[in-house]
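2 protein chains.
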Amino acid sequence: MPLQQELSVIIPEIAHVNAEIKKTVEEELLSHYQPSQPFLLDGQGKKLRPALFLASAKTHGDDVSELIPLAASLELIHMATLLHDDVVDRAALRRSLPTVNSSEGNKIAVLLGDYLFSKAFSMLTSVGNLEIIQLFSRVVERMSLGELKQQTDAFNLYLTEEEYLDRINQKTAEFMASCCLAGCLTSECPEDLQMPLYHFGLNLGMAFQIIDDMIDFKDLNSRTGKDHFNDLKNGVVTLPLIYVLQAPSNKELMIKWMSNNRNDEDSIANLLDQIKINRGLEYALYRAEQYLNQARCFAGQVPSKEARRNLQLILQLIWSRVEE
Amino acid sequence: MPLQQELSVIIPEIAHVNAEIKKTVEEELLSHYQPSQPFLLDGQGKKLRPALFLASAKTHGDDVSELIPLAASLELIHMATLLHDDVVDRAALRRSLPTVNSSEGNKIAVLLGDYLFSKAFSMLTSVGNLEIIQLFSRVVERMSLGELKQQTDAFNLYLTEEEYLDRINQKTAEFMASCCLAGCLTSECPEDLQMPLYHFGLNLGMAFQIIDDMIDFKDLNSRTGKDHFNDLKNGVVTLPLIYVLQAPSNKELMIKWMSNNRNDEDSIANLLDQIKINRGLEYALYRAEQYLNQARCFAGQVPSKEARRNLQLILQLIWSRVEE
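Chains as they are written, first to last, in our numbering: chain A, 2 to 325; chain B, 2 to 325.
Looking at chain A on its own, in the form it has when it is part of the complex (with noise of 0.2 Å):
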């Protein structure tokens, strides 16, 4: 079952997030731009950050139709930085449809994107408070930092396994730290569950994160729907690169396949085999199952039995990305 069917089974709400989005944002937009092809607002997103600010929201109290818009903008944040990371990463595919940057072009990508930013802070300050909307900003702030770090960083192949770190909680773990911690904010939950909730998040998206730079690296034939060996076209040195770049070997490999036509599959496939061999993604998986397991325990501290089950069911989704 696709990650969206599966979160929307823990959080049935998500529904009403699609339609909030639906509702918001469709008939503006159609009344300005007319895609050519059918595109993000068609409710495929996995949606997990509304899933994860609804699922903290409902540690305490199991009524959160108020909090449906803000969940609605959360998702918006979203899907604007996956357009314009779609046009900085010149990908093609994602969700197995093409990128809105290859069938509409950069220019549209880029407005789209600015747009659903925009959109996502006017919903934002209708429902939201400025403790909301300042941690929201600041997570966009920190996301592009992290996203323009990565293009500092592109082809270093002397990138700590730290630095990545820090990258990827910038770029995407912070997004889902803060969703946890909005939930807590904005319902019933008691002050001292925010801290945990926020952790939960935290080390909840460093695992989601190492895990889908694992993807890059995984067969053309996945469910993820998206095109392969991005990261490494682009430069970005991720974890299971960082791990097998240890051994010199692996580091002149990698220089020659820098100097030569980058396109080339078959040195492409070179690079994979000794990512392979050298156990470069098992040592990922590794640490995404540590992350996890940290998630995890932060999940326990919530009293809630059923609002536990729920974060332990989300993170048992994001294990099982590692399966597709």
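Wrong hints could be hidden among the right ones.
The list cannot tell twin chains apart, which means a pair is met if one copy fits it or any two copies do.
[To be verified] In silico SDA-like cross-links for lysine to any residue, where the CA-CA straight-line distance does not exceed 20 Å:
{"id": "1", "residue 1": "219", "residue 2": "106"}
{"id": "2", "residue 1": "150", "residue 2": "106"}
{"id": "3", "residue 1": "47", "residue 2": "37"}
{"id": "4", "residue 1": "234", "residue 2": "107"}
FYI, nobody ran anything at the bench for these hints, they're computed from the structure.
Place chain B on chain A using the hints.
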């Protein structure tokens, strides 16, 4: 004298706005990304939006020192839109310097723009109230919708003057109007000045954009430091062109140009001749003057003589761009 210097004579606090931008953004940014060339942050921008904001705040009370961070955040929003606009328009020059997209690449221009947007909203939340944040998130939303509409209308030779005016209202004038309104909302300015100041900014913004669009048709040696005929090459239909396209012979000329090599300087020169012969630029100037006169009337409603004079001087500066 360049516009920024002249604005600084009218609103001396512009210097503090420059310092605030430098202080807030530079260090954080440089720790994540080292540009290959000096760019936007060197304080070359006109600072028209902060000037409008501060001039409006000064209609009642002269101490605006507490408003400097808010003024800086308005300039950051503007800088972010410039970065993304230049990606969208594939512009090579701005203020006589290479654009960020041309010197650092589209990736960096997109990410820097996202960073500046989110930084601006972070600053707004630290100093502003919900009303101000809502005002400017709505402004950014409308600007991006205006830009999307511009893409939808590319090479539309049947665009009406009304549609054009709607678009420049969305993409330029509302921002300037909101800067003036925000100046009123955050100062001792009485409620009955809110609408006159808003409409002062709106009319000034309309005139500003019409004049800006005229500059695209001007000779390459002008002082604005932009590359020219960019709108024309991107199919952005503006007022001088709308005016001359009323003649069927000009529409035919345009269709012929569109079906041939659009970068051919001879055929651009031919089109430009038609715009001159058919007085397209004179007509646009006449419309800009009408808006400036409207703005002057609204400025006249400000009771303080000195504040009124500030607003009138800003109008004169906008007008002086015609002679650049």
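Identify every previously stated hint that the structure contradicts and give their numbers, smallest first. Structure breaks hints 1 and 3.
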